[in-house]
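For the protein sequence lines, the chains are A and B, in the order given. The first sequence begins at 1 in this note's numbering and counts up one residue at a time. The second sequence begins at 1001 in this note's numbering and counts up one residue at a time.
Only true hints are included.
In silico DSSO-like cross-links for lysine-lysine, where the CA-CA straight-line distance does not exceed 30 angstroms:
#	chain 1	residue 1	chain 2	residue 2
1	B	Lys1305	A	Lys20
2	A	Lys57	B	Lys1309
3	A	Lys20	B	Lys1309
4	B	Lys1305	A	Lys354
5	B	Lys1305	A	Lys355
6	B	Lys1328	B	Lys1299
7	A	Lys354	B	Lys1309
8	A	Lys57	B	Lys1062
9	B	Lys1062	B	Lys1305
10	B	Lys1309	B	Lys1240
11	A	Lys355	B	Lys1309
Treat the hints as calculated values from the structure; they're not laboratory data.
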Amino acid sequence: MEISLFQAAFQGLLNLMQLKVFLALLVGVGIGTFTAVAPQGLGMPLVYAMLLPVVIKWEPLTGIALLIGASSVSAICAAYLPILFGIPGGAGSQATVLDGYPMGKRGEARRALGASFMAGGMGCVIGTLTLLVAIPAARPLIYLMGSPELFVVMLWGLSMVAVLAGRRPIKGLIATAFGLLLATVGQQAQSGIMRFVFDQPYLLDGFAISIIALALFGIPSALDLALTKLGVEQQPAPLKGSLLDGAKDTLREWWLVVRCSFVGVWVGIVPGLGSQVVDWLAYGHAAQSCKGAKESFGKGDVRGVIAPESANDAKDGGDLITTLLLGFPQGVVTALFIVALLAWGFLPGPEMVKKNADLIYSIVWIQGIAGITGTLVGFVLSKELARLAQVRYSFMVPVLFIFILMGAFSVNRDPVDLLVVVTFGILGYFMKRGGYPRPAMILGLVLGDLMEKYLYRSMASYGFSWLTRPGVVVLLVLTAVSFVLTLRGRLERKTEAESLSGGAMARAADDS
Amino acid sequence: MKTRPTGWPFLVAVFAHLAVLPPLLFSQSDFYQGKTITIIQGREPGALGDMRVRAVIPYLQKYIPGNPTIVTEFMPGGGGRKATNHIYRSVRPDGLTLGNVGAGLIANAVLGEPGVQYDIDKLIYLGSPNSATHYIYLSRADMGWDSLEKLRAASGIRIGAQTVGHDIYINGRLFAWLVGLKDPKFVTGYSGTEVDLALMRGEVDARAQTAAWLLHRNRDWLDKRLINTHAILDIPKGDKHPHFGLLPELESFARSEKERKIVQMFRAFRLAGSPYVLPPGTPKERVEILQQAMRKTFKDPQFEKEFEKLTGDRPTPLMPEAHQRMVKEAPRDPEVIGTFKVVAGAKTLPAR
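Based on the sequences and whatever the hints tell you, model everything.
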């Protein structure tokens, strides 16, 4: 078995030794880079949908190289918006804003970008390696995580917010509760009941998280620039730090990269979690586990950039595990990838592992090579991108507003989104001034919907007996231990230096 | 005072009219030359419906005289309601903007769902590339329900589905109601593939699924006998499925005319497929050009292959005139609508 898998892996690599495959990979990398740098609306789903009718007429490997090349790079290059302008990137790069933007403001944009690309590249490689060894082990893991277990994981995510709210726990809880409340807007999927819809078609599906995040962080950042009349860099001095410094930071924090990459792989494997939670879970894990994080996170700690970026890029490997080995798409992009595989005559799932193992390994190799290429492209690009941090505010402010409004409008092409982005932008500005942590609100919004879904499914399927499932008990204990330990650490620190203590999210509210 | 009749105003009116008319009179056939047609989709990019649209675009472009550029935009929200409202209320009826939404376009309007701001009888229909569907009702084999009798004897069967109002959910409810399951539970909040996972890990016991999906994506369930299949719903009626033709048809469980009408109503909603629509007031000549292009597209054998490649399913087109007729004949009986809404909703199934 192992020999045949080794042979398949070798054959998979040999299959790639064609000029057209590498050219397609490079074109894919180019498309992915453009998608990451373009406003939010041009997401990977749209790119895949546009490419698919073309690539299914090609040979499978060439088409796969183009598609995978595009999708892996778009995640790696998504960090420049949060670092340079304080605007959340696409899903999966939103938490990067918490420490990336303060770094940018401090003159360390290059260092932050270097760390982000290096962490992304390493995350991608770890995700790919996991995919490589996951072939025999993926199925039991997926079947192990039912709705009750997933509910407890979401509970852990939510408990993290209360801890990270730091010196303003009450304000943190208020912001989280407001996020949870916002998550209830729209048609409730399980009962069909309309909540806070007021007969408005716009509200039928609730608020789009990407638009709310864009508003809460983007508009206050732009307003800050306008009011302080400075560039993103507070001092128009030469940029401090280099890309290499960021890369070194990431290598020094290799254990954090590994841990967060596994968070990413896990989020990718478990159906239904999606990229909207991956960066927040990784950031929360880093804020809870890194030494001195309580003082430095939210103020521009490079580890606050490394954690979400490595997890976000490792997630692609996890996504491919379920897509290729089980035939379950994890989102629109992987669903479209399956469409392409079907059009080429491959049926993703256990049969494909048996019949087309070499192709699966070719995909693994392509994913790895694309990740490395994407990192290199990121390094090359960031040198120029970092200069944007020094552009004069009078030019940058209108550009940022246009970017934010275009980004919001292009999500659904609905003019009401412009009203929503401005309204929530103003709310974000006042939250920031009042010290209400905006990330806590976003996390409440992201987790609220998932928690409700998993809890409903658990109750409908098992009644209260889901609480006695072994997996649930183990996860509940871990959640409680993690919560108590972090809370105790915070209290101890508070008694040591009351005036200095503060949470990452509270500081993010102050600084970003 | 006697006024002298003068021909000037009349002549001016005639010349003015002629100045405006020529483009309308003489150039309808090449109206689309150099123009751009926009298809507004009521869904997210990359969804199955998007793939259906992408399969149609090159052929539509080929068969519309003047070979216009065709682009597509997305306006997801409210199960197609947002996009249809926009097309009905805000789009200029010049034949340059089309809408493509799911079958919910008809169902939402007939059922009087909130947020519907359009009139299905005033929209103009251009047909749909897909209309026929077969739904299979299945349960996990390890539950041991290998006959309808055993299924009826079981209590509290957990039926998995996406959301209340989703066609898979309504199918599960219809099946439970008509077959007479004892105290069924409906577990929702899944994506399509999550229901499959939930079924295999024992979180739910049964589900409805399209025959195409079952054969295409979960073939091993059948090969390894992981499931028992119980019944089928043929859409359109009488269109026997080659693989599941021996399963009892859902309508055969109906005990009254009203119950049959409920099944017919669901069939009518699903038969709408993914309708292409134009706003009311679109010039008749342009409607005819687009309808003709759509007919030619659906008849093109190459389109059939392309469609199957992109969607994994063969096309089952509904021609423009059949579409228009189908909407006109969609059941509107308030009593049937009332019962259908209870069956399709989240409350307890109605008594029989």
